[in-house]
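Enquirer: Listed below, chain by chain, are the residues.
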Amino acid sequence: MNQPRVETQREVGDEVRQTTCYMCACRCGINVHLKSGKVAYIDGNRDHPINKGVLCAKGASGIMQVTAPSRLTAPLRRVGPRGSGAFEVITWEEALSTAVAWMKPLREIAPEKLAFFTGRDQSQSLTGWWAQNFGTPNYAAHGGFCSVNMAAGGIYTIGGAFWEFGQPDWERTKLFVMFGVAEDHDSNPIKIGIGKLKARGARVISVNPVRTGYSAVADDWIGITPGTDGLLILSLIHCLLEAGKVDLEYLAQWTNAPLLVTEAEGAEKGLFVKNAESQPFVIDKTTGHPAPWDGKGVQPDLGAEWQGNRTVFRHMVEEYLKPEYAPEAVAPRCGVAAGRIRALAAELAEVAFDHAITLDQPWTDFRGNSHKDMPGRPVSFHAMRGISAHSNGFQTARALHLLQIILGSLETPGGYRLKPPYPKPIEAHPTPHFVTTPGKPLTGPHLGYVRSPDDLCLLPDGSPARIDKAFSWENPFSAHGMMHMVIPNAHAGDPYRIDTLFLYMANMSWNSSMNSARVMEMLTEKDGDDYVIPRIIYSDAYASEMVAYADLILPDTTYLERHDCISLLDRPISEPDAAGDAIRWPVLEPDREVRCFQSVLLDLGARLGLPGMVNEDGTAKFKDYADYIVNHQRRPGVGPLMGFRGNGEAEGRGAPNPDQMQRYIENGAFYQAHVPVEASFYKPWNAAYQDWAVRLGLYETPQPYLFNIWSEPLRRFQLAAEGFGPRQPPDHLRDRLKQAMHPLPIWYAPFGDEDAAFGYQVHALTQRPMDQYHSWGSQNAWLRQIKGHNYLYLPTKIWVAQGFAEGDWARVSSRAGTIVVPVAHMAALNENTIWTWNAIGKRKGAWALDEGAPEATTGFLLNHLISELLPDRDGVRLSNSDPVTGQAAWFDQRVRVERVAAKDHPRGTSEPMFEKLPDPPRAGGGRHNSSAKNWIQNYRRKFVSPVEGME
Amino acid sequence: MTALPQATQTKLGLVIDLDTCVGCQACVTACKGWNDAGIGLSDQNPYGADPSGTFLNRVHSYQVAIPDAPAQVVTFPRSCLHCDNAPCVTVCPTGASYKRAEDGIVLVNEDACIGCGLCAWACPYGAREMDEAQGVMKKCTLCVDRIYNETLAEEDREPACVRTCPTNARHFGDLADPDSAVSRLVAERGGYDLMPDMGTKPTNKYLPPRKKGPGTASPLAPLLDVKATGIAGWLDRMLGKI
Numbered sequence: 001m002n003q004p005r006v007e008t009q010r011e012v013g014d015e016v017r018q019t020t021c022y023m024c025a026c027r028c029g030i031n032v033h034l035k036s037g038k039v040a041y042i043d044g045n046r047d048h049p050i051n052k053g054v055l056c057a058k059g060a061s062g063i064m065q066v067t068a069p070s071r072l073t074a075p076l077r078r079v080g081p082r083g084s085g086a087f088e089v090i091t092w093e094e095a096l097s098t099a100v101a102w103m104k105p106l107r108e109i110a111p112e113k114l115a116f117f118t119g120r121d122q123s124q125s126l127t128g129w130w131a132q133n134f135g136t137p138n139y140a141a142h143g144g145f146c147s148v149n150m151a152a153g154g155i156y157t158i159g160g161a162f163w164e165f166g167q168p169d170w171e172r173t174k175l176f177v178m179f180g181v182a183e184d185h186d187s188n189p190i191k192i193g194i195g196k197l198k199a200r201g202a203r204v205i206s207v208n209p210v211r212t213g214y215s216a217v218a219d220d221w222i223g224i225t226p227g228t229d230g231l232l233i234l235s236l237i238h239c240l241l242e243a244g245k246v247d248l249e250y251l252a253q254w255t256n257a258p259l260l261v262t263e264a265e266g267a268e269k270g271l272f273v274k275n276a277e278s279q280p281f282v283i284d285k286t287t288g289h290p291a292p293w294d295g296k297g298v299q300p301d302l303g304a305e306w307q308g309n310r311t312v313f314r315h316m317v318e319e320y321l322k323p324e325y326a327p328e329a330v331a332p333r334c335g336v337a338a339g340r341i342r343a344l345a346a347e348l349a350e351v352a353f354d355h356a357i358t359l360d361q362p363w364t365d366f367r368g369n370s371h372k373d374m375p376g377r378p379v380s381f382h383a384m385r386g387i388s389a390h391s392n393g394f395q396t397a398r399a400l401h402l403l404q405i406i407l408g409s410l411e412t413p414g415g416y417r418l419k420p421p422y423p424k425p426i427e428a429h430p431t432p433h434f435v436t437t438p439g440k441p442l443t444g445p446h447l448g449y450v451r452s453p454d455d456l457c458l459l460p461d462g463s464p465a466r467i468d469k470a471f472s473w474e475n476p477f478s479a480h481g482m483m484h485m486v487i488p489n490a491h492a493g494d495p496y497r498i499d500t501l502f503l504y505m506a507n508m509s510w511n512s513s514m515n516s517a518r519v520m521e522m523l524t525e526k527d528g529d530d531y532v533i534p535r536i537i538y539s540d541a542y543a544s545e546m547v548a549y550a551d552l553i554l555p556d557t558t559y560l561e562r563h564d565c566i567s568l569l570d571r572p573i574s575e576p577d578a579a580g581d582a583i584r585w586p587v588l589e590p591d592r593e594v595r596c597f598q599s600v601l602l603d604l605g606a607r608l609g610l611p612g613m614v615n616e617d618g619t620a621k622f623k624d625y626a627d628y629i630v631n632h633q634r635r636p637g638v639g640p641l642m643g644f645r646g647n648g649e650a651e652g653r654g655a656p657n658p659d660q661m662q663r664y665i666e667n668g669a670f671y672q673a674h675v676p677v678e679a680s681f682y683k684p685w686n687a688a689y690q691d692w693a694v695r696l697g698l699y700e701t702p703q704p705y706l707f708n709i710w711s712e713p714l715r716r717f718q719l720a721a722e723g724f725g726p727r728q729p730p731d732h733l734r735d736r737l738k739q740a741m742h743p744l745p746i747w748y749a750p751f752g753d754e755d756a757a758f759g760y761q762v763h764a765l766t767q768r769p770m771d772q773y774h775s776w777g778s779q780n781a782w783l784r785q786i787k788g789h790n791y792l793y794l795p796t797k798i799w800v801a802q803g804f805a806e807g808d809w810a811r812v813s814s815r816a817g818t819i820v821v822p823v824a825h826m827a828a829l830n831e832n833t834i835w836t837w838n839a840i841g842k843r844k845g846a847w848a849l850d851e852g853a854p855e856a857t858t859g860f861l862l863n864h865l866i867s868e869l870l871p872d873r874d875g876v877r878l879s880n881s882d883p884v885t886g887q888a889a890w891f892d893q894r895v896r897v898e899r900v901a902a903k904d905h906p907r908g909t910s911e912p913m914f915e916k917l918p919d920p921p922r923a924g925g926g927r928h929n930s931s932a933k934n935w936i937q938n939y940r941r942k943f944v945s946p947v948e949g950m951e
Numbered sequence: 001m002t003a004l005p006q007a008t009q010t011k012l013g014l015v016i017d018l019d020t021c022v023g024c025q026a027c028v029t030a031c032k033g034w035n036d037a038g039i040g041l042s043d044q045n046p047y048g049a050d051p052s053g054t055f056l057n058r059v060h061s062y063q064v065a066i067p068d069a070p071a072q073v074v075t076f077p078r079s080c081l082h083c084d085n086a087p088c089v090t091v092c093p094t095g096a097s098y099k100r101a102e103d104g105i106v107l108v109n110e111d112a113c114i115g116c117g118l119c120a121w122a123c124p125y126g127a128r129e130m131d132e133a134q135g136v137m138k139k140c141t142l143c144v145d146r147i148y149n150e151t152l153a154e155e156d157r158e159p160a161c162v163r164t165c166p167t168n169a170r171h172f173g174d175l176a177d178p179d180s181a182v183s184r185l186v187a188e189r190g191g192y193d194l195m196p197d198m199g200t201k202p203t204n205k206y207l208p209p210r211k212k213g214p215g216t217a218s219p220l221a222p223l224l225d226v227k228a229t230g231i232a233g234w235l236d237r238m239l240g241k242i
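Residue numbers (our numbering), protein chains in the order written: chain A, 1 to 951; chain B, 1 to 242.
These are computed hints drawn from the structure, not numbers from a lab.
There may be inaccurate statements among the hints.
In silico lysine-lysine, DSSO-like type, Cα no more than 27 Å apart, as pairs [stated by the list, open to error]:
(1) A/K174 - A/K372
(2) A/K174 - B/K212
(3) B/K227 - A/K797
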């Protein structure tokens, strides 16, 4: 047969440069194939610990990101009214001197008047350090509206968290249960892990109101009612306790279950009974006498009662054996049949206790006790925003950790494993710092872990010190700040007004704010001649919706044009068996007047004379971000990157090495420090792990600790609410603190449930599609072809009851607003829940999209329905957030849905529709618009005129 | 009309695991990127009101109603199945569509394609897409410019979609060889032909979703009657165990 010759030896490029992806927070390793200096193809780096060669839809579309027409091109200064989009192009010198002219007087007189908040910031150890040296208390990244409940709930309980800070033992787990996991953190690693489980037929269960993605492939799906996961989990704990299926040895050795809780009324009630050295202690079963909690050979008695004080274990058992946690009692509320709950508990128990595994690996614990092997309970869990973005999310996250603890699976073979720098106890984290002194830095980092009311960020009059009211009585454990409250609070002057709002990569006038329509008004409202928020500086690489609302634009580079470090000082790329960090480096040189934001920040810091950023003679200490990454030392010998320090051989600790960046580039842009094999499991208590962590510089001394089933920091706030202690909450918060700050994981109804009484019965959720999750800009020419439309998905019950038909619209209302949006039917959905893909909707004129783009015409946000405040009670402004952490309670949302027949909505666009944003100066170009050709032309080209290349 | 080879000794193809595919679309853009750099896959109005473009691999999701059980969602990657009895080949008026004798890959010779679109009509799987700018038919080449490409590392000589798939739901190999990893997977997991009644004899196979539903663990028996004994009784019984 006469077959044509096929080119099989095509060279994709002439050079491969390895760097780190930035399309989400996974931070996968990528191979950027260049041809004549241009990007030809991007695929995954096979040697990289995070993605092992694979890449997601976003990562493989990076080529459309670096060529996007929405790329900003030069610094801009607003010349028309704010929001009008009238800008003039200015030089970098003008931009930087303008920023300094605004900031410098604030630093000298009132540093708190500068609020610096960052969005999809992957350089928080730099941005936080900068803000600390500026001296403003008003700094955080976007964790407050992302998933801080996951982080805080985990760290206060187990000294680690879900998110990307740990992962199931994918090689050994036999049962994997997900709660509220959409396709979010930790995206590619979870997909790789699910693939491993599926390959060997291990069982996967998903608890999620929506059955898409991971839930779609799960072997079992529990379509729970939103906001009730905590109740379901506590019911599982009830079932396990009822049947005696708990790991008593694990509880006795590794948790605070055997500690004694003070019974006597008074200021100590509910705190641990302490000895003369102020240490909690246990009762040794063998002697019946008090013994140190960390004593060698001690056999703690879980059931002890000593001088009228009972153990945490006894409190725990008494709480969860209550009939209110029985499956039959929680079933209606959870929307899950009692039999299903009992069956899940039985399945967990069977795998944990009847299919336990053992690794033949001796190890020694921190008490000095030797163990001949590592027993494991191969049940693992993961949870994310579905449980986190509720006003009861902190306690729900705690409940899930408690479930793992009583099964004895955490940090054991087959269970959930933490990644360095975790495990790390609360005591090893800083407390928040906030005290301002004009012209001086803060005395420590902004964000931290509060132990007691003494650590709150309050001014002498008791009012919140921070603009977002983080670490106040309203949200005491707001470990990631509360970015979603910055603009509303600054606008309301509650707790005070600010002067300059400095934002990085955060779309606050659109999808990153609750109540977006109102936020746009807050940004443009005036008080006399000046804006209520007088100055806004914004840095972004793209023409996002936020650009029009800034006064000064500092254009950033794209991810292939910049340096970065993915550092152990903030969010590294570790694996359970290795600490890991990474870099980005400019594999392309920018062709526009744009600068890496972090270099700009260091430049501003030098111009402002901030400590650490200037030499003694006042000159800039760092040439740019790359210089900082290599030469900055946070503590002597410890810098942003751990690899190739000193003479190039030092790991973790060592002097700065001028060749470090080049060594990372040669190593594929990452570095790993491997955990010794005897330190692989039981890390919080494993002496070999603790010693390794100190050697690496994760901390200065070993930090073994017990898991906190009973949380003293929580109890200290309850005590304050009960009237004990010198620092007292306002009266209107006492009841809420008593409920939310319970020292044991508990469940209470999400605050949003109160809206049901007003006729808003239906739960409303959003999730990001896997092909756009956390990506900055779905204007990506390829990704928008995959999901350029979003619909409101309605469950069968609502679809049928109201007679919805294809092509219809729905009017969706809440206490905060109304939207009219296109609908679609979805059967695989909790029957009282509606949902949509988040952030598909764009504002007309933004992101260099045509004004007729579906994202801007039918695309929509649920944000307009979600108030940033809870309903007004006696004039008190309380944020719509978890009362413990300040996590934005997006998923508490309740709505009413009414059918709008297609014929009654002839306009065919979603509502509300906002004015078109003007187009700022931007790169243009981008993906070539290849217009369609008539096939006859093609026919003529081939068969009428000579055809080139025909053999 | 174009003739098919009598039989091929080697049948290169894909095995796609529907029990594992989460619908992440990674394969879609890896394919788009690789083939755009190679044969060119145009986009029309990429930033416009109605963007469209040529993709050789798309992932759709379907809802499946199950009697007496919750509805399910199946994500379903769709690309050329490299059929033994490929109707897209036999229908081609110019010989542009052909099936390679040496490995069974179905390709389009773009130099001979007149863009008449008959093959797309003939394909029951909707696996061919007209490149509107080039005026020629495009389809999955099984990355013929990767799998034999000696400029790539040996481990990379597999289709872009397979290399990138995060869940490892896509497998590449010789389905004519009963001992190949892909053939064994098909045998173990009940891999099946898509729409076998069409008589196309596709090379690619799909692995069906495994049976879903609650587990089979025995119900937990209560330790004792807590109501009767109180917590103290429970503690005695429980702590007596250690």
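Enquirer: All hints, please: hold or fail.
Expert: Status of the hints after comparison with the structure:
no.	hint	in the structure
1	A/K174 - A/K372	23 Å, holds
2	A/K174 - B/K212	16 Å, holds
3	B/K227 - A/K797	39 Å, violated
Comparing the model with each numbered hint stated earlier shows that hint 3 is the single one that does not hold.
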